[in-house]
Each structure stands twice: as C-alpha cells, then as structure tokens.
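**Q** Chain by chain, the residues:
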Amino acid sequence: MSLLLTQEVPISWYLLLSAVLFSLGVAGFLVKRNLITVFMSIELMLNAVNLSFVTFAHQWHAVKGQIFVFFVMMVAAAEAAVGLAIIIAVFRARATLAVDRIDLMKL
Amino acid sequence: MHLILFFVFAGFCLAGAINLLLQSHPINSALSLIVVMTSLAVLYLLLGAEFLAAAQVIVYAGAIMVLFTFVVMLLNAGREERTLGSRTARSVGFPAVVAILAVIATVILKAQGLGVATLGEGLSDAKGSTNIEVLSRVLFHELLLPFEVTSILILIAILGAVALASHGDGPHGSRERMGGE
Numbered sequence: 001m002s003l004l005l006t007q008e009v010p011i012s013w014y015l016l017l018s019a020v021l022f023s024l025g026v027a028g029f030l031v032k033r034n035l036i037t038v039f040m041s042i043e044l045m046l047n048a049v050n051l052s053f054v055t056f057a058h059q060w061h062a063v064k065g066q067i068f069v070f071f072v073m074m075v076a077a078a079e080a081a082v083g084l085a086i087i088i089a090v091f092r093a094r095a096t097l098a099v100d101r102i103d104l105m106k107l
Numbered sequence: 001m002h003l004i005l006f007f008v009f010a011g012f013c014l015a016g017a018i019n020l021l022l023q024s025h026p027i028n029s030a031l032s033l034i035v036v037m038t039s040l041a042v043l044y045l046l047l048g049a050e051f052l053a054a055a056q057v058i059v060y061a062g063a064i065m066v067l068f069t070f071v072v073m074l075l076n077a078g079r080e081e082r083t084l085g086s087r088t089a090r091s092v093g094f095p096a097v098v099a100i101l102a103v104i105a106t107v108i109l110k111a112q113g114l115g116v117a118t119l120g121e122g123l124s125d126a127k128g129s130t131n132i133e134v135l136s137r138v139l140f141h142e143l144l145l146p147f148e149v150t151s152i153l154i155l156i157a158i159l160g161a162v163a164l165a166s167h168g169d170g171p172h173g174s175r176e177r178m179g180g181e
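Sequence order for the protein chains is A and B.
Going letter by letter, the first sequence gives residues 1 to 107 in this note's numbering.
Going letter by letter, the second sequence gives residues 1 to 181 in this note's numbering.
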C-alpha cells in the first residue's frame, strides 16, 4: 500500500509508455487503410514523442524540452490544417478515402 | 498517489491507442484519439508541465481533433475495407512494429541512471516562480525569433489550407457540385 502512495515513478516507465504509443502509431500508419485514420496515427506518433520530451525536461529540469513540445504542437496544428485540406482535395478528385485506390502517382 | 494516477492514465492512453487500431470506422478512431490526448495532458501535469497540459487539451484535444471529426463527417467516411494491400500490411507491419518496440524498449531498460519522476518537482526554481513563468521567460527572450517565425508558418498554413480546400474549378463549378448532392 505504501508503494502505491509513493510520489515517485521511474522515468523509464514514462519512456516505455511513450515507446509503446509510438509503436502503436507506426502500426496504425502501416495497417490502417483509411486516409484519415492514417493521418490520426501520425498525430499519435507526434504525441508519443512529445511525452518523451516532457519526461526528459522533467528529468533534467530543462525548460527547453517543454518549449520544444510547444513548437511541435504549433507545427502539428499547421500540419493538421494543411493535411486535412489535402485529404479534402484528394476526396474531391477521387471520391474515395481508401489508400489503396489513391494510386495516381504509381508508375 | 503519483503511481496510481500514472497507472490509471497510462492505461487510458494505451486503451485509447489500441482502440484506435481496432476500430474500423474513422469517427471511433478519432474519439479514442481524443481519450489518448486528454490522458496525455494529465501525464504532463504529473510531470510538472502545467502550461503544456493546458495547451494539449486546447490545441490537440480541442482544435485538431475537432478538425478531424469535422472532416470525417464532411466526407462521410465509411468503414474501411479489407483488401490485398491491408493483408500484406498486416503480415509485414506488425512484426516490423514489434521489432521497433523491442529495440527502443531494450535501449530504455538498459539505460542507467534515468532516475525517478517526482510529483511536484518541475522546472520551478527556488525563487518560487511557476512553470509558466520559467517557460515564458525563455520563450519571449531567448527564443523570440523562432516564436515569431512560427506565427508566419501558421499564417502560411492557413493560406495553404484555404487554397487547397477551395474548389479548383472556380465558384461556378462548386455551386454546381453543391447542388448535385
């Protein structure tokens, strides 16, 4: 019981959680066949890396790590806006969201 | 307390991420991604990053995921279908992912002297300034130029999104298509 009430959690557990989330993001990126879900998996990977940054910022008491996460968030917001606009444009041109059928650039 | 909160919200994170993979409808995946991002905000709080926890909820769980769910509804995205490509991706993708995870986990578990994360011990220094004070002091003095450049990036992204999402065939064609649906 006293173990559960402790104020300390090993840094490596946070890093392992981040690694597992990143791997699940990679798996979603490879396995999912829907363009929007593939894009969501990319966001999941970005979030996993952000968790690593915050963990290391906590470990080193370094403010730059948290500021980097802030910049990643801003770039992710810009990326989401442009990416979803591209998805809308692709859907308008091909009338599908299945990644197998979006093969216009295939030789 | 820290341990209990960590386990609960790490569990939510993992459950949401696995559910994102298992669901076949994009709107369910989007909702489980919101669960992941909100739980991550709580983990940021545990690590003493209050500003980032708030920004995570507002920017990720709020703005970005609203955009996602809006696009899912706008495009009326249905269930994904099983194809030859998806079977190949499954049989190749999962072993590759397990290999990646094994490598990263080995590196983390072998690393010495990572130490522990203690609740309430963040960036705040002895002078009693809060996390957000420390953060903004660096952000608006040392890193003012990158910060301003990012605003230009977001402006360009807005223009690009509008240019991409607006109809390429002019207002006349768009009116026709809207009427056709």
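Treat the hints loosely; a few may be bogus.
[To be verified] Computed Cβ-Cβ distance ranges for the label pairs, DEER-style: (1) B:S166 to A:A62: 19 to 27 angstroms; (2) B:M1 to A:K106: 31 to 39 angstroms; (3) B:A111 to A:M105: 40 to 48 angstroms.
[Stated by the list, open to error] Anything over 12 angstroms on all C-beta distances counts as not near chain B; from chain A, calculated: (4) V54; (5) V69; (6) L104.
[Unchecked claim] Covered stretches of chain B (chain A as the covering partner; in silico rule of three or more C-beta atoms under 8 angstroms from a C-beta of chain A): (7) 26–32; (8) 43–50; (9) 62–71; (10) 104–113.
None of these hints come from the bench; they were simulated from the model.
Every residue gets a Cβ at the ideal spot worked out from N, C-alpha and C, and that includes glycine.
**Q** Would you mind marking each hint as holding or not holding in the structure?
**A** Now for the hints, and whether the structure bears them out:
| no. | hint | verdict |
| --- | --- | --- |
| 1 | B:S166 to A:A62: 19 to 27 angstroms | violated, 43 angstroms |
| 2 | B:M1 to A:K106: 31 to 39 angstroms | violated, 54 angstroms |
| 3 | B:A111 to A:M105: 40 to 48 angstroms | holds, 41 angstroms |
| 4 | V54 | violated, 5 angstroms |
| 5 | V69 | violated, 6 angstroms |
| 6 | L104 | holds, 15 angstroms |
| 7 | 26–32 | holds (count 3) |
| 8 | 43–50 | holds (count 6) |
| 9 | 62–71 | holds (count 5) |
| 10 | 104–113 | holds (count 5) |
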